[in-house]
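A.B. asks: The UniProt record's numbering applies: residue 1 is where the sequence shown begins, and numbers increase by one.
None of these hints come from the bench; they were simulated from the model. Treat the hints with care, as some may be off.
The calculated lysine-lysine pairs, modelled on DSBU-like cross-linking and capped at a C-alpha distance of 35 Å, are [claimed, not checked]:
id, residue 1, residue 2
1, 89, 110
2, 21, 150
3, 56, 118
4, 118, 19
5, 19, 89
6, 118, 150
7, 67, 6
8, 10, 67
9, 118, 10
10, 19, 6
11, 82, 19
12, 56, 6
13, 110, 19
14, 56, 89
15, 6, 89
16, 56, 21
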Amino acid sequence: MSHITKILLKIIMLRIRNKIKPEIAEEQCEFVEDKGTSNAIYILRTLIERALEVQKDVYLCFIDYTKAFDRVRHDEIITELKQLNIDGKDLRIIKTMYWEQTATMRIENKTSTFQDIKRGVRQGCVLSPDLFSLYSEIIMRNLENHPGIKVGGQNINNLRYADDTC
Numbered sequence: 001m002s003h004i005t006k007i008l009l010k011i012i013m014l015r016i017r018n019k020i021k022p023e024i025a026e027e028q029c030e031f032v033e034d035k036g037t038s039n040a041i042y043i044l045r046t047l048i049e050r051a052l053e054v055q056k057d058v059y060l061c062f063i064d065y066t067k068a069f070d071r072v073r074h075d076e077i078i079t080e081l082k083q084l085n086i087d088g089k090d091l092r093i094i095k096t097m098y099w100e101q102t103a104t105m106r107i108e109n110k111t112s113t114f115q116d117i118k119r120g121v122r123q124g125c126v127l128s129p130d131l132f133s134l135y136s137e138i139i140m141r142n143l144e145n146h147p148g149i150k151v152g153g154q155n156i157n158n159l160r161y162a163d164d165t166c
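Start from the sequences and build out the full structure, keeping to the hints where you can.
C.D. replies: This is the structure in structure tokens:
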């Protein structure tokens with residue numbers, strides 16, 4: 001990716017982040033300012049201690065999504081960006097520069113026809129963490145009404161650190 005492209009995507013990221021940030025749940029501890037691994041560990045420990053206090057069972061399931069960044073569906077993330085009223089120019093640039101891509105495979109001396117790339121966010125791109133977090137919110141919203149442990153009036157039923165979920 002060229003330096004000019006990186007600068008342009010950084011400008012777009014700064015413009016769209018204010019619309020994406022409110023969509024990211026408190027349970028996400030990565031790619032969020034002032035949060036990180038220590039926050040996730042502290043929250044998990046607090047939840048376990050709280051459950052023990054009220055004699056409630058706690059079930060933990062740790063999930064590490066294999067190639068998570070590669071599995072982001074372009075159509076779903078574009079739909080979500082539209083629903084957030086992302087500026088049309090920024091949306092067009094994201095669609096054109098980021099996702100309207102094709103690829104071909106070469107095996108030995110044979111080359112395949114060009115295929116549209118319909119999934120994935122680029123590793124190392126400044127937009128990727130925000131886009132991945134937004135995409136994971138689409139999936140995790142299904143958990144909102146499931147029981148969890150109430151802490152400070154908030155129901156916590158999952159905890160996320162980038163592509164790792166507990």
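A.B. asks: Any of the earlier hints contradicted here, and which numbers?
C.D. replies: When the structure is compared with the hints, numbers 1, 3, 6, 12, 13, 14 turn out to be violated.
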